[in-house]
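Asker: Residue strings, one per chain:
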Amino acid sequence: MKIQVFPNWCKKLGLLFFIIASLLNGSCNFINNSILKYELTGIDSNQLESLSPENGIRGILNAFTGGAIPILIDFIAIIGMLVYMLSKEKVEDDYINKLRLESFQLTTIFGLLTTILLYIVAKDLKLSLDYFIFPLLWSYILLFFIKRRMYL
Amino acid sequence: MKNLIKVERARHNLTQADLAKELGVSRQTIHAIEKNKFNPSVVLALKMSRFFKVTVEYLFTVEE
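If you read the protein sequences in the order shown, they are chains A and B. Those letters in the first sequence? Residues 1 to 152, per the numbering used here, in order. Those letters in the second sequence? Residues 1 to 64, per the numbering used here, in order.
Extracted from the complex, chain A is given alone in its bound form (with noise of 0.2 Å):
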């Protein structure tokens, strides 16, 4: 079956977004995750006024939001990556085809292995969805790149 139904320059475009998207998360948790640690360390998280979320660029689209831009930010960057993988390449034949599946089985191989692996060090952790999907779209992206590059 066929799901590649949108043409080539959408895989540019869905990556564009999936890329800036997932930088800006990545951002954007790197920042929640400093005033975390200073919060531990006991430092005043409101001395660090430009990256408090009540203050700064992030305080001000917070308040214009009502802190969707988050939700917002991995909503585009899922969509980017479905555009990407619904998208076909410029020659779309049977060896396209076959890196392509490679690129899903390995990406769901290591998914489950770093489940199992999560479950054993760590049994009771609790992550949200995202911690899981980011790792995958990146490592299915990362194989297909290097699986169509491997030829040339």
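Hint data in this document are derived by calculation from the structure and do not stem from the laboratory. For clarity, every value in this text was computed on a predicted model and none was experimentally measured. Check before you lean on any hint, since a few could be wrong.
[Stated by the list, open to error] Computed spacing ranges between beta-carbons, pair by pair:
#, chain 1, residue 1, chain 2, residue 2, range
1, A, V5, B, L46, 25 to 31 Å
2, A, L142, B, T15, 27 to 33 Å
3, B, L46, A, N8, 25 to 31 Å
4, A, K126, B, K2, 52 to 58 Å
[Claimed, not checked] Pairs of lysine-lysine, BS3-like flavour, derived with a Cα cap of 30 Å:
#, chain 1, residue 1, chain 2, residue 2
5, B, K21, A, K11
6, B, K2, A, K12
7, B, K2, B, K35
8, B, K2, A, K126
The beta carbon of each residue, even a glycine, is placed where N, CA and C say it ideally should be.
Once you've looked at the hints, dock chain B against the given chain A.
Answerer: For chain B alone, coordinates are given in the frame of chain A:
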């Protein structure tokens, strides 16, 4: 499975990109077939044999 794609391509003085364009596949596909990393579909094998004006049995041989 062995193949003589590289030989035939050289005989016709074609690059991998030229052959890929003629057959409507990617250059990576031709490279992968030549390196025996990928076995082409029946359709692609027939297209190749028709393009080089040889038989499929000549172009592709199964190793014992």
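Asker: Against this structure, judge whether each hint is valid.
Answerer: Hints, verified against the model:
no., hint, verdict
1, V5/A - L46/B: 25 to 31 Å, "28 Å, holds"
2, L142/A - T15/B: 27 to 33 Å, "29 Å, holds"
3, L46/B - N8/A: 25 to 31 Å, "27 Å, holds"
4, K126/A - K2/B: 52 to 58 Å, "55 Å, holds"
5, K21/B - K11/A, "22 Å, holds"
6, K2/B - K12/A, "37 Å, violated"
7, K2/B - K35/B, "9 Å, holds"
8, K2/B - K126/A, "52 Å, violated"
When held up to the earlier numbered hints, the structure conflicts with 6 and 8 and fits the remainder.
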